[in-house]
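*Asks:* Whole structure, please, built from the sequences with the hints as guidance.
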Amino acid sequence: MATAAPTRRSRFGSPLQRREAIEGYLWISPWIIGFLVFSLGPIIASAYLSFTQYKIGGTPVWIGLENYRQAFFVDKQFWPSLGRTAYYSVALVVLGVSLSLAAAVLLNQNIRFRAVYRALYYLPSLTPVVALAILWRWLLQPQVGLVNFMLYQVGIPGPGWLTDRNWAIPALIMIGLWASIGGGRMIIFLAGLQGVPKELHESAEIDGANAIQRFFSITLPMISPVILFNLILGVIGSFSVFSVAYIATEGGPNYATWFYMLHLYYNAFSYFQMGYASALAWIFFVLIFILSYIQIKLSNRWVYYEFS
Amino acid sequence: MATTPQSAPAMLSPRAASARRSTRASLAKLGTSALIYFIATVVAILFMLPFVWTIGSSLKPITEIFKFPPTLWPQEPRWQNYADVFRIAPFGRFILNTAYITAVAMVGQILSAAAVAYGFSRFRFPGRDPLFFLVLSTMMLPWQVTIVPTFLLFRFFGMINTYWPLIIPSFFGGGAFYIFLLRQFFMTIPRDLDEAAKIDGATSVRIFWNIILPLAKPALATVAIFSFIEHWNEFIGPLIFLNSPEKFTVSIGLRYFTASSFESDEPREAILMAASLIVAVPPLTLFFLAQKYFVRGIVTTGLKG
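If you read the sequences in order, they're chains H and C. Counting the first sequence from 1 gives a position; our numbering is that position plus 3. Counting the second sequence from 1 gives a position; our numbering is that position plus 51.
In case anyone wonders, no lab produced these hints; they're calculated from the structure. Note that the Cβ used here is the ideal one computed from N, Cα and C, for glycine as well. Take the hints with a grain of salt, since some may be wrong.
Claimed, not checked - What the simulated footprint calls covered on chain C by chain H, stretch by stretch (three residues with Cβ under 8 Å from a Cβ of chain H suffice, anywhere in the stretch; the number is not a length): (1) 171-182; (2) 197-204; (3) 321-327; (4) 341-347.
Claimed, not checked - Simulated coverage check for chain C against chain H, where a stretch passes if three residues somewhere in it have a Cβ under 8 Å from a Cβ of chain H: (5) 82-90; (6) 109-120; (7) 155-167; (8) 219-227; (9) 277-286.
*Replies:* As structure tokens, this is what we get:
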């Protein structure tokens, strides 16, 4: 009985603490409201809608797992769109992350005008996606585009790129690389490289390790957490590919670039199948979650944490 | 005196050898650094060439745009192409619309992200750390998962084909990235300043407005710049929420342009390139003016890219 008062106090705090807590909640309240209305609410709503048939203007009709059955077993574009997206994503992430790292290593050398180089590498990532897509459609124009003209100069007949079924995705990967190699990812790598202690390199150099050995046995393990971070964000970002394909090819030619997100977008906003689109969104959500989880689990084997 | 001529050659030879060795080493070093500059410059050219090509194309007259072999730069630059952008489409209107949305959303994003960051950095309350973790985890949430219900929500309130869906979310938290960035910065501002003000009877609103915000100007500038670029470049929101051309932003305005350009007989590629460049100029210029804020923002948060 005697301890009742202090217990109460420690759970709810002194009036001063309570006041501070209330003020704190008030300050973060815009985010709380935003989170409930624009994140949590929609996530729950789309989970519900995914079990219904809902065409805009009508009312949602509960159909159980029908949308999921539709997606997995009936929809002719579901698996192919996922496959295309995986192809695009794997190529873009593997090439993009390694080339960003290479660019960061290059800029981390003792060179003058580093800021100028860094700025020039960074610029493509700031180009608005619409301008990016239009600009590259013109660069990849089969007859008079710069890329094919350069190939022609060295005697290679260039493909039709965005107009060719087999070359459309490689073309989009190329566009993605141009727009992302020198962007935020490279800057993060550069910061990571600058955090690698110089003494490690110096003592390894005394022991006779050359630059390549030092890169693989010192630099790479030291920045492995940064690599993991960039891989996870890279997979999420590239799996969500939408705008550039929507503008440059509209999913064509003949569905060659019909990525998962285009499939979702057209189902929602062209066919107005809101229930089915919600099921597609939830499948995507779970897929992204699994992919991130696998990467984190596998990272135990190769990511090195200094203080663990 | 006698020892000097004798010892001199003996002393000289190892020195000469080491001098030779160091010459060789410095030559190798020179070679390596020349190679580094060479690669760095080639990469820079690869990144810049598409821009140069686009600028060249944007100035080509109709007679030159489909000529083979293509030229990097037109013989007679046609500046008129840039005026045509505004003649063919209501591009001035698109620019004003985008500027308006960007300005309002920026203000909302800066103010609300700063307020939320202030709450997280200066107050103790139950569940603060889990909530902050939740803020960070929303960064991983792909927009696609929420877009359908969000669309239905704004539709329910009759806000389709208005700017509200593009503006309102900015006022509610303003995005996890900005909250995180500002919170990290606020943590570095000494608490003594707010404590002193509190003793003088200042309310938390006053401390926020008169102490925290003025001291956080560099971080606010970083947020402002990223926010500007985010809204200026935004494509999906306008695509989904806006229907009538007089409300279009530059992003979807450009697309509307491409669709109409292929219907006419006369090729408009040059004008399209000019329009794309006009859209790309504000973010690129901003970057050149405020490079240090960019790098700082990316490095402190390890995000945005």
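*Asks:* For every hint, state whether the structure bears it out.
*Replies:* Hints versus structure:
1. 171-182: holds (count 8)
2. 197-204: With 8 residues closer than 8 Å to chain H, the segment 197-204 of chain C meets the three-residue bar; holds.
3. 321-327: It holds: at least three residues are needed, and the segment 321-327 of chain C offers 3 whose Cβ sits within less than 8 Å of chain H.
4. 341-347: holds (count 3)
5. 82-90: holds (count 4)
6. 109-120: holds (count 5)
7. 155-167: n = 3 at 8 Å, threshold three: holds.
8. 219-227: This one holds; 5 residues, not fewer than the three required, reach chain H with a Cβ under 8 Å.
9. 277-286: holds (count 4)
The structure is consistent with each of the numbered hints, conforming to all of them.
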